[in-house]
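Position one of the sequence shown corresponds to residue 984 (the numbering used here), numbered consecutively onward.
Take these hints with a grain of salt, some might be off.
[What the hints assert, rightly or not] DSS-like, lysine-lysine: derived pairs with alpha carbons at most 30 Å apart: (1) Lys-1036 to Lys-1078; (2) Lys-1097 to Lys-1087; (3) Lys-1044 to Lys-1094; (4) Lys-1036 to Lys-992; (5) Lys-1049 to Lys-989; (6) Lys-1059 to Lys-1078; (7) Lys-1036 to Lys-1097; (8) Lys-1110 to Lys-1083; (9) Lys-1097 to Lys-1019; (10) Lys-1036 to Lys-989; (11) Lys-1112 to Lys-1087; (12) Lys-1018 to Lys-1043; (13) Lys-1036 to Lys-1110; (14) Lys-1110 to Lys-1043; (15) Lys-1097 to Lys-1044; (16) Lys-1112 to Lys-1083; (17) Lys-1044 to Lys-1018; (18) Lys-1019 to Lys-1044; (19) Lys-992 to Lys-1043; (20) Lys-989 to Lys-1043; (21) Lys-1018 to Lys-1087; (22) Lys-1094 to Lys-1112; (23) Lys-1059 to Lys-1036; (24) Lys-992 to Lys-1018; (25) Lys-989 to Lys-1044; (26) Lys-992 to Lys-1019; (27) Lys-1036 to Lys-1049; (28) Lys-1059 to Lys-989; (29) Lys-1110 to Lys-1059.
No wet-lab data here; the hints were simulated from the structure.
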Amino acid sequence: MYYHFKIHKEGNGFWAECLELDGCLTQANSIEELKKNMHEALNLYLSEPEDSKVIFNLPKKNINAKNTVEVQVEPKIALSFLLRRYRLLHNFSQKEIAAKLGMKNIWSYQKFEKPSTANPTLSMLSKFKKEFPDLRLDYVFS
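Let the sequences and hints guide you as you build the complete structure.
Shown next, in the form of structure tokens:
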């Protein structure tokens, strides 16, 4: 999953803003440092607390504007973000999702919405896709 940042030159440094996510900004003294900071800012921005009800926009497919770069979301963060987004858009609680997936307790599901513990097996990814066919798992790997 890639989001788009527009880079701006200001004085002796640079700053960048994510075009799809209002308020996702960063700055740096060099382009190399800015690239690192954009990646970090994006991943922190999408790592919402478990109790958050914020539903972020998905990235736009093709933005070919001047001074715009694509920044990749870490796969674990992308998965957590997509699962939480899906759940909130469909008005499910974590408990309801856990039950739909045949999990015995809510923690078994909650760990997938937390980037630091989101590491599903292939069989679990398959189960996510089977139960929720409109969940876009391709975003995790692209």
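Structure-based check of all given hints:
1. As the CA atoms of Lys-1036 and Lys-1078 are separated by approximately 15 Å, the hinted pair is consistent with the 30 Å bound.
2. Taken as a hint, the Lys-1097 and Lys-1087 pair is honoured in the structure, with Cα atoms around 18 Å apart against an allowance of 30 Å.
3. Pair hint Lys-1044 plus Lys-1094 holds up; C-alpha atoms about 29 Å apart against a cutoff of 30 Å.
4. Proposed proximity of Lys-1036 and Lys-992 is contradicted: the alpha carbons are some 34 Å apart, above 30 Å.
5. The straight-line distance between the Cα atoms of Lys-1049 and Lys-989 is roughly 8 Å, inside the 30 Å bound, and the hint therefore holds.
6. For the hint pairing Lys-1059 with Lys-1078, the CA-to-CA distance comes to about 21 Å; that is within 30 Å, so the pair holds.
7. Between Lys-1036 and Lys-1097 the alpha-carbon distance is near 14 Å, which keeps this suggested pair within the 30 Å criterion.
8. At roughly 10 Å between alpha-carbon atoms, Lys-1110 and Lys-1083 fall within 30 Å of each other, so this suggested pair holds.
9. About 22 Å separates the Cα atoms of Lys-1097 and Lys-1019, which keeps this hinted pair within 30 Å; it holds.
10. A threshold of 30 Å between alpha carbons decides the hint, and for Lys-1036 with Lys-989 the separation of about 27 Å falls inside it, so the pair holds.
11. At roughly 19 Å between alpha-carbon atoms, Lys-1112 and Lys-1087 fall within 30 Å of each other, so this suggested pair holds.
12. Of the supplied pair hints, the one linking Lys-1018 and Lys-1043 holds, its CA atoms being roughly 19 Å apart against a limit of 30 Å.
13. Taking the CA atoms of Lys-1036 and Lys-1110, the gap is near 24 Å; set against the 30 Å cutoff, the hint holds.
14. A threshold of 30 Å between alpha carbons decides the hint, and for Lys-1110 with Lys-1043 the separation of about 27 Å falls inside it, so the pair holds.
15. A hinted pair counts as satisfied when its Cα atoms are at most 30 Å apart, and Lys-1097 with Lys-1044 qualifies at roughly 26 Å.
16. Simply put, Lys-1112 and Lys-1083 have alpha-carbon atoms about 12 Å apart, close enough for the 30 Å limit, and the pair holds.
17. At most 30 Å may separate the alpha-carbon atoms for a hinted pair to count; Lys-1044 and Lys-1018 meet this at roughly 20 Å.
18. For the hint linking Lys-1019 to Lys-1044, the alpha-carbon distance of about 22 Å falls within 30 Å, and the restraint holds.
19. A hinted pair counts as satisfied when its Cα atoms are at most 30 Å apart, and Lys-992 with Lys-1043 qualifies at roughly 24 Å.
20. The suggested pairing of Lys-989 with Lys-1043 holds, with an alpha-carbon distance near 14 Å, which does not exceed 30 Å.
21. Distance check on the hinted pair: Lys-1018 and Lys-1087 sit about 42 Å apart at the alpha-carbon level, beyond 30 Å; violated.
22. A C-alpha spacing of about 17 Å is found between Lys-1094 and Lys-1112, which places the hinted pair at or below 30 Å, so the restraint holds.
23. In summary, the hint linking Lys-1059 to Lys-1036 is supported, as the alpha carbons are separated by about 19 Å, within the 30 Å threshold.
24. Simply put, Lys-992 and Lys-1018 have alpha-carbon atoms about 13 Å apart, close enough for the 30 Å limit, and the pair holds.
25. Restraint check for Lys-989 and Lys-1044: satisfied, since their Cα atoms lie roughly 15 Å apart, inside the 30 Å limit.
26. Pair hint Lys-992 plus Lys-1019 holds up; C-alpha atoms about 16 Å apart against a cutoff of 30 Å.
27. The suggested pairing of Lys-1036 with Lys-1049 is violated, with an alpha-carbon distance near 34 Å, which exceeds 30 Å.
28. A hinted pair counts as satisfied when its Cα atoms are at most 30 Å apart, and Lys-1059 with Lys-989 qualifies at roughly 24 Å.
29. Distance restraint check for Lys-1110 and Lys-1059: the Cα-Cα separation of roughly 17 Å lies within the 30 Å cut-off, and the hinted pair is therefore satisfied.
In the structure shown, a violation is registered for the earlier hints numbered 4, 21, 27, in ascending order.
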